[in-house]
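**Q** Sequence:
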Amino acid sequence: MEWMEDRKAVIKEGTYLRDLSVFEKDLFPALGHMPIDQIKGKDILACAKQIEARGAQEMAKRSIPLAGRIFRYAIRKGLIENDPTPHLQEALKPRKVKHMARLDISEFPPFLERMDHYHGNILVKTALQFMTLTFVRTAELINMEWNEIDFDNHLWRIPAYKMKMALPHIVPLSRQAIELIKGLQPLTGNKQFVFYNHSTAKPLSNNALLSAIRTMGYTGKMTGHGFRGLASTTLHEQSYMHDAIEIQLAHTVGNAVSQAYNHAQHLEYRTKMMQEWANFIDSLRNLNRG
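In UniProt numbering, the protein residues as written are 1 to 290.
For the record, the hints were derived by calculation from the structure and aren't laboratory data. Careful, some of the hints might be misleading.
Stated by the list, open to error - In silico DSBU-like cross-links for lysine-lysine, where the CA-CA straight-line distance does not exceed 35 Å:
1) K77 x K49
2) K164 x K49
3) K77 x K40
4) K42 x K93
5) K49 x K8
6) K202 x K221
7) K49 x K93
8) K191 x K202
9) K164 x K8
10) K25 x K125
11) K191 x K272
12) K93 x K164
13) K272 x K25
14) K164 x K77
15) K164 x K182
16) K77 x K61
17) K272 x K221
18) K42 x K8
19) K25 x K42
20) K221 x K125
21) K49 x K125
22) K77 x K42
23) K191 x K221
24) K202 x K272
25) K40 x K221
26) K93 x K61
27) K42 x K164
28) K164 x K272
29) K164 x K125
30) K272 x K93
31) K61 x K182
32) K8 x K25
33) K77 x K125
34) K191 x K125
35) K40 x K93
36) K61 x K202
37) K164 x K221
Stated by the list, open to error - Listed next, with one range per pair, are the computed distances between beta-carbon atoms:
38) L210 x E5: 45 to 55 Å
39) R157 x H251: 14 to 24 Å
40) K272 x E58: 38 to 48 Å
No residue lacks a Cβ here, since even glycine has one placed at the ideal position from N, Cα and C.
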């Protein structure tokens, strides 16, 4: 399948095989005989319910967004006009929510100091510092490629196939974020990936970032996802525009058409917000030094 082959190049083999299993074991047998423009939400939900009925709740939950990615891929190819999957997960049994550990902003200055004085892998240290400034998802960060960075306009353009919502994403980069990335050019500038690990010949792993956080003394207190929650809460408290924050987090805001419009509409605002966020992070560093 064309979409899966595109993803194979940027996701771990285990993730690829898990997703492929959902398609081969459930989605293809139930829906593969139907033209894509004739598949309805009820058909996808019926398939997910069958998976749920055999006790595979996580796979049932996963089947719907995976199907949604195929539909959004087909929309981009001009094959269909609508994605029938939004809100289907609400019809499945709720799962227990596991909240990701994260710090409060008042606890962040000491964390920044430990991060800045981390003496491990320089790629890991820079990745954590960069995540602080951009609060992207860990998978998006570690799979960042040099050709995605627009140094002239301070933008990082992430293609749709790398994104959870299967929509292209633009991340405005602050002056501080650009400086961090430029610092890695002598190390990985001749490679495909910005955070290329020479010892494994692959991008950094999520475990490498979590291990560094543990080494810094924050086991069970902070995660890669924690940067996103911390930034969202703080930016909302600072009265930044809700939609701009949600778009920056690459969350869904409205339908596909309004998402594309909002993404472009709020880019200038988000650029200003992200520079002010980077300046705010610097001010927290100065507080701790004082």
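**Q** If a hint holds in the structure, say so; if it does not, say that too.
**A** Consistency of the hints with the structure:
Our distance criterion of 35 Å between C-alpha atoms is met by K77 and K49, whose separation comes to about 29 Å. Pair hint K164 plus K49 holds up; C-alpha atoms about 23 Å apart against a cutoff of 35 Å. Simply put, K77 and K40 have alpha-carbon atoms about 19 Å apart, close enough for the 35 Å limit, and the pair holds. Distance check on the hinted pair: K42 and K93 sit about 16 Å apart at the alpha-carbon level, within 35 Å; holds.
Between the alpha carbons of K49 and K8 the distance comes to roughly 27 Å, so the proposed pair stays at or under 35 Å and holds. Restraint check for K202 and K221: satisfied, since their Cα atoms lie roughly 28 Å apart, inside the 35 Å limit. A C-alpha spacing of about 9 Å is found between K49 and K93, which places the hinted pair at or below 35 Å, so the restraint holds. As the CA atoms of K191 and K202 are separated by approximately 10 Å, the hinted pair is consistent with the 35 Å bound.
Among the hinted pairs, K164 with K8 is consistent with the structure: their alpha-carbon atoms are about 14 Å apart, no more than 35 Å. With a C-alpha separation of about 40 Å, the suggested pair K25 and K125 falls outside the 35 Å cut-off, and the hint is violated. At roughly 31 Å between alpha-carbon atoms, K191 and K272 fall within 35 Å of each other, so this suggested pair holds. Taken as a hint, the K93 and K164 pair is honoured in the structure, with Cα atoms around 22 Å apart against an allowance of 35 Å.
Between K272 and K25, the direct Cα distance comes to roughly 47 Å. Violation of the 35 Å bound is thereby established for this hinted pair. Taken as a hint, the K164 and K77 pair is honoured in the structure, with Cα atoms around 18 Å apart against an allowance of 35 Å. Distance check on the hinted pair: K164 and K182 sit about 27 Å apart at the alpha-carbon level, within 35 Å; holds. Taking the CA atoms of K77 and K61, the gap is near 26 Å; set against the 35 Å cutoff, the hint holds.
Using a Cα cut-off of 35 Å, the hinted pair K272 and K221 holds, with the two alpha carbons roughly 30 Å apart. Straight-line distance between C-alpha atoms of K42 and K8 comes to about 29 Å, which keeps the hinted pair within the 35 Å bound. Restraint check for K25 and K42: satisfied, since their Cα atoms lie roughly 19 Å apart, inside the 35 Å limit. The straight-line distance between the Cα atoms of K221 and K125 is roughly 18 Å, inside the 35 Å bound, and the hint therefore holds.
Among the hinted pairs, K49 with K125 is inconsistent with the structure: their alpha-carbon atoms are about 43 Å apart, more than 35 Å. With a C-alpha separation of about 23 Å, the suggested pair K77 and K42 falls inside the 35 Å cut-off, and the hint holds. A threshold of 35 Å between alpha carbons decides the hint, and for K191 with K221 the separation of about 33 Å falls inside it, so the pair holds. With a C-alpha separation of about 33 Å, the suggested pairing of K202 with K272 holds against the 35 Å cut-off.
Proximity of K40 to K221 is assessed by CA-CA distance (about 43 Å); at most 35 Å being required, the pair is judged violated. The straight-line distance between the Cα atoms of K93 and K61 is roughly 9 Å, inside the 35 Å bound, and the hint therefore holds. For a cut-off of 35 Å, the pair hint linking K42 to K164 stands: about 23 Å separates their Cα positions. Between K164 and K272, the direct Cα distance comes to roughly 25 Å. Compliance with the 35 Å bound is thereby established for this hinted pair.
Proximity of K164 to K125 is assessed by CA-CA distance (about 25 Å); at most 35 Å being required, the pair is judged to hold. In summary, the hint linking K272 to K93 is not supported, as the alpha carbons are separated by about 41 Å, beyond the 35 Å threshold. Restraint check for K61 and K182: the C-alpha separation of about 40 Å exceeds 35 Å, so the hint is violated. Between K8 and K25 the CA atoms are separated by roughly 18 Å; this keeps the pair inside 35 Å, and the hint holds.
For the hint linking K77 to K125, the alpha-carbon distance of about 39 Å lies beyond 35 Å, and the restraint is violated. Between K191 and K125, the direct Cα distance comes to roughly 19 Å. Compliance with the 35 Å bound is thereby established for this hinted pair. Between K40 and K93 the CA atoms are separated by roughly 20 Å; this keeps the pair inside 35 Å, and the hint holds. For the suggested pair K61 and K202, the alpha carbons sit about 29 Å apart, so the restraint of at most 35 Å is met.
Among the hinted pairs, K164 with K221 is consistent with the structure: their alpha-carbon atoms are about 25 Å apart, no more than 35 Å. With their beta carbons about 29 Å apart, L210 and E5 fall outside the hinted range of 45 to 55 Å. Separated by about 18 Å at the C-beta atoms, R157 and H251 satisfy the suggested range of 14 to 24 Å. Remark: the range hint 38 to 48 Å for K272 to E58 is upheld by a beta-carbon distance near 40 Å.
Hints 10, 13, 21, 25, 30, 31, 33 and 38 from the list above are not met by this structure, while the remaining hints are.
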